[in-house]
Amino acid sequence: MVLRDKLLEKRGLGFLHPVCAFIYLVMALILTMFTMNPMLIGISLVAGISYEIHIMGLYRFRRYIPWLILIFIITTLGNMVISHNGAHVLFRLNDNRVTLEAGFYGAVFGLMFAAAFLWCDITQRIITGEKITYMFGSVAPNMGLIISMTLHYIPMLRKRLEVVHAAQVSMGRGDYKNRWDRAKQWGKEFSIVISWSLENAIDTSAIMSTMGYGTGKRTNYSNYRIKKADLWFLFIVLALAIPAFIVVLSLEFKVYYYPTFGAMCSLRHMAFGSIGYLIYMFIPFVAERFFKWH
Amino acid sequence: MALIRFENVDFTYPGAENKALDNINIEINDGDFVLICGPSGCGKTTLIKQLLPEICPYGYREGRIVYYGLTNDYNGLAHNPNVYDGQNKGCDLDELSPRDLARTFGFVGQNPQSQMVTDKVWHELAFGMENIGTTQEIMERRIAEICEFFGMQSWLDKDVASLSGGEMQMVHLASVMVMEPRVLILDEPTGQLDPLAARNFLDMLARINQELGTTIILVEHHLEEAYAMADMVVVMDEASVKCVGSPRDVAGELGFRAGLPSALIIAKSVLDGAGEKMPVNATYDLPLNVAEGQKWLRRLFDGKISPSTYEMVDHTADIQNDVSIDKIQKTKSTLDVVLKTQELCFAYDEGKVVLQDCSFSISRGEIFTLLGGNGTGKSTLLKLLSTTLKPAYGTIEVLGRKLGGFKDSIQLKPKGDKTPLGYEGMVLLPQDPMALFTEITVWDELRESLDGLPYSLDEKDKLVLDMLQQLKLTGYEKRHPYDLSGGQQQMLAIGKLLLLKPQIILMDEPTKGLDYDRKIALGQMITELAADGISFLIVSHDIEFAARFAHRCGLMHDGRIVAVDNAKSFFAGNSFFTTAANRMARRFCPEAVLPEEVIAFCARELEE
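Sequence order for the protein chains is A and B.
Number 451 in my numbering belongs to position 254 of the first sequence; there are no gaps in the numbering.
Number 650 in my numbering belongs to position 252 of the second sequence; there are no gaps in the numbering.
Worth flagging that the hints you see were computed from the coordinates, not collected in a lab.
Mixed in with the good hints, there may be bad ones.
FRET-style restraints, in silico, Cβ to Cβ [what the hints assert, rightly or not]:
(1) Ser247/A with Asn598/B: 45 to 55 Å
(2) Arg355/A with Gly773/B: 19 to 29 Å
(3) Asp557/B with Trp264/A: 24 to 34 Å
(4) Lys750/B with Leu435/A: 46 to 56 Å
(5) Arg355/A with Lys870/B: 46 to 56 Å
(6) Ser560/B with Ala380/A: 25 to 35 Å
(7) Asp557/B with Leu435/A: 31 to 41 Å
(8) Ala745/B with Ser247/A: 31 to 41 Å
(9) Asp557/B with Asn339/A: 16 to 26 Å
(10) Lys750/B with Val243/A: 37 to 47 Å
(11) Trp264/A with Tyr411/B: 54 to 64 Å
(12) Glu396/A with Lys870/B: 16 to 26 Å
(13) Asn339/A with Ser560/B: 21 to 31 Å
(14) Ser777/B with Trp490/A: 34 to 44 Å
Virtual Cβ for every residue (Gly too), placed ideally from N, Cα, C.
Given only the sequences and the hints, what does the whole structure look like? Please build it.
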C-alpha cells in the first residue's frame, strides 16, 4: 500500500511538473465548486470517486464513504431547516415551511461539497509536501524553506513525543484513569517536547548561519524540470478547460431551484454542453494511461 | 604552508574572571588533519568557535587570527589584497564577509538531530548552496558529485526524520562538503553516535582529508580511533595549549590518559612502571592502535614468552573456573530474581520479526548490560519492558508480578495501594535526559519527582537536599536543567528516578555523549547503587563501559540474546566484540579485558 502511494507521486498526474498538475487540479476544484448544476456536479463526483478508487483501491476508499454520506445528509437536512423558499411545501416545522426545493438544493450542495472534498484529497495525494515546497520556493525561496522546515518538524515532534511519553510512563506518570489528570499529563508531555525542541532550535539556527543562511539572496534548488510532455499537457488542459468553464459560467446552462426547479435549456442541450466538462474531469485517467511505469 | 595562524589569541567570557583562552599561538597547515584534545572545559570548543564568528559566543577577544587562504581564487573568493612582493601576508579573519566565511569554514557539531534543517535529504544537501546563491546547474552537479563521493544516492528521496543519528550526521557532513569548504571544523561529531557509526564517520573524515585535501580541525574526547588519524595533535589544558606535534611525538608528553587509545595507555603505563627492566627495543615507537599494540607487546616479551607457546597453555580452565563461580552466584540469586522475560517475541509488521525468543533474568543488585548493534532489537526490548509496546508472545515478570497487557502493566502494586504508579517499581532512563525535564530549576525538577508521594513537606525537602548531595549538584539548585552540562543533566535525570526509590532501572545508552571522566563517575555511581540492591539493565554500545562496570553481559543478535556470561568471561570468550585492550593482548593473556589488567599482566611478566 505504501509503495502504491509512493508511486502515485511519480505516476499519472504526479509524473508531470508540479505546476502543471497543480493548475489542472485547482481548475478541477474551481469547476466543481462554482456550479450548482446537478448534472455537472454528478459528473465531478463520479470522476472524483472513480479516481480515488483507482489510486487507493476500494478497500481503503470504503473509510471515506460514511463521511461522504454524512456530509450529504447534514447539508440536505440543514438547508431544509434554514431555507424556507420553494413552491412544494412538505410540512411545517415551528410555523416554518419545509420545502422540497430547499431539500433538493441542500442535496445538490452536499454532493458538490463531497466532490470538492474528494478533489482536495486527490490534490493532497499528488501534490506532496515536497512539491509544495518547490512551488513556493521558486516564487519566494524563504517561504519554501519555512514549509520545508515545518514538514521536517512535524515528524520530529511526533518522535520526541513518543520518547517523552515512554519516559513518563516508566516514571508511572502516563496512565491516569481521571480525565483531568490525563489532560494535565498530556499538557506536561507537550511542554517538555516544546522546550526540548526550542532548545534544539537554537543549535539549528547556529548551524544555519554557519551554512551561510542570511548572507544574502538565496536561490532555490529544484528537482523538477519542464518536459515536453508538461507543455503538451498544459496546452491540452487549457484547451479543454474552455468548454468546461463555458458550461459552468454561462447563463444558458444555469439551473435554478426557487421557487421551483428548472433549467434555462433543455436536458439534451445541457447534456451536449456537459461533454467538455466530462472530458476535463476524466483527464487524470488519461494521464494515468500515458504516464505510467511498466 | 600555513593556512590559519592564531597570534596571541586571548578570549574572556563576559563576567568571567579567568580567560577561556590564554595566549594561543598555533599554526595550522593547509591540508592537515588537526586533532584538538584535552579534558572537559579546557577551551577546545571556544578555540574552534573563534574560526566561526557567526556562532562564536559573545566575549572579549585579543590577538589576531590570520587566514592565508585567499590567494588562489579557489571558491571564487576575492583576490587577496594582502599579497605584497609575492609574499602572502594573509588577512585578518574578521575581514572576510559572512558569505566567504560560510564558504571557507564548514562546521559539524555534536547533535545530529538539531543539524537537520529541511525535510528531505536532497534539500538538506542543497541547503547550504541555496544560501550562498549558487545557480541550479552548479547545485545539480555538486549534489551528484557529493552523492558519488559519499555513496548516498539511495538516500536522496528519504525523509530526514526517518534517518538514524549516524546517517543524519553523515548527511550533514555531505551538505557541508558540497559547499567545498577550505577548512572543515568538527566539534565532537561522534559524541552522539554508536561506535560503528562513529567509526564510519571518522573514516569518511580521513577520506575527505586524503582525497580532497580539505583541512580538518577535529575536537574529540573519544580518541581510540581518531588519535592515530591526525597529522597534528594540539593538546589543551586550562585554557592554553600544552603541546603541539605529531600523534607519536605528543604521546610521550601527554599529561592525561583519559580517552586515549588503549594501546597507548598500556604502553605508557608499562614504560613508566618498568623503569630499567624495560627491554630497549620496546621504548621507542609508542603504539597508537591495536595492531601496533600487538607488535609492541611482542617486542616487549621478546624471547621471554612467545605468543604461540603461551597459547598452548589451556586458558579454558580459567574461564571455566570463572563460570563455576558465576554458577554459584546464580544459584544463590535465583531466589531473588527481580526481572525475568521468557520467550519474548515481537514484530512491528508482518514479515519483519524484531524480537524472537528473547529470554533473560536479572537478580537483585545486579548490573546486566545488553550489547549489540543497531537493529538487533535492543530498543524494542526496552519498549516492551517499559510497557509502551506489548509483546506478541511471551511473558515479562517484574518483581514477581507478571506484566499484563498494554499500559496497565506499570501498576506493580496490589489493589488499594494509593502510592503513585512507578513508585518502588521499575523506571526507564531515556537516551536523552531532556525527555524527563519539566521544570525550570534543578530543585523543582527533583521536587516534581516526589509529587503525590506519601511524605511530608519537610521530608520532601530533605530528600531533595540529600539527592543533590548524592548527585554532586549542590550549588546548582537554581540553575535551569538545560544550562547544566551533558554529564550533569544525566545525573539530574538519574536523581529524578532515584527519588522514586526504584528497584530496577532500565538505562538506554547512558554513556552517550559523556566524556571519559563522566563515564567513570556514572559507572561508580551505578556500582554503588547496585550494592544497595538496585538492579540495572543497561542497553548500550559501549563495550569498554560494560567491561569495566557490568556484572553480566549479554549479546543481542537478530532478536535474541546469543551469549550471556559474567562480564569477564564474556569478553575473554569473544574475538571481535571485545575491548581494544583485550584485542591487543589476547595472544598473551586472553582474560585481561581492561587496560589496567593488561598493564598488571605486563608488570608481572617483566618482574619474572
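Hint-by-hint comparison with the structure:
1. Ser247/A with Asn598/B: 45 to 55 Å: Since Ser247/A and Asn598/B have Cβ atoms about 49 Å apart, the given range 45 to 55 Å holds.
2. Arg355/A with Gly773/B: 19 to 29 Å: holds, 21 Å
3. Asp557/B with Trp264/A: 24 to 34 Å: holds, 28 Å
4. Lys750/B with Leu435/A: 46 to 56 Å: Check passed, 48 Å falls within 46 to 56 Å.
5. Arg355/A with Lys870/B: 46 to 56 Å: At roughly 36 Å between Cβ atoms, Lys870/B and Arg355/A fall outside 46 to 56 Å, so the hint is violated.
6. Ser560/B with Ala380/A: 25 to 35 Å: Check passed, 31 Å falls within 25 to 35 Å.
7. Asp557/B with Leu435/A: 31 to 41 Å: holds, 34 Å
8. Ala745/B with Ser247/A: 31 to 41 Å: At roughly 36 Å between Cβ atoms, Ser247/A and Ala745/B fall inside 31 to 41 Å, so the hint holds.
9. Asp557/B with Asn339/A: 16 to 26 Å: 22 Å Cβ-Cβ, so the 16 to 26 Å window holds.
10. Lys750/B with Val243/A: 37 to 47 Å: Between Lys750/B and Val243/A, where Cβ atoms are some 40 Å apart, the hint holds.
11. Trp264/A with Tyr411/B: 54 to 64 Å: At 59 Å between Cβs, range holds.
12. Glu396/A with Lys870/B: 16 to 26 Å: holds, 23 Å
13. Asn339/A with Ser560/B: 21 to 31 Å: holds, 26 Å
14. Ser777/B with Trp490/A: 34 to 44 Å: Since Ser777/B and Trp490/A have Cβ atoms about 36 Å apart, the given range 34 to 44 Å holds.
This entry does not satisfy hint 5, going by the numbered hints stated previously; all others are met.
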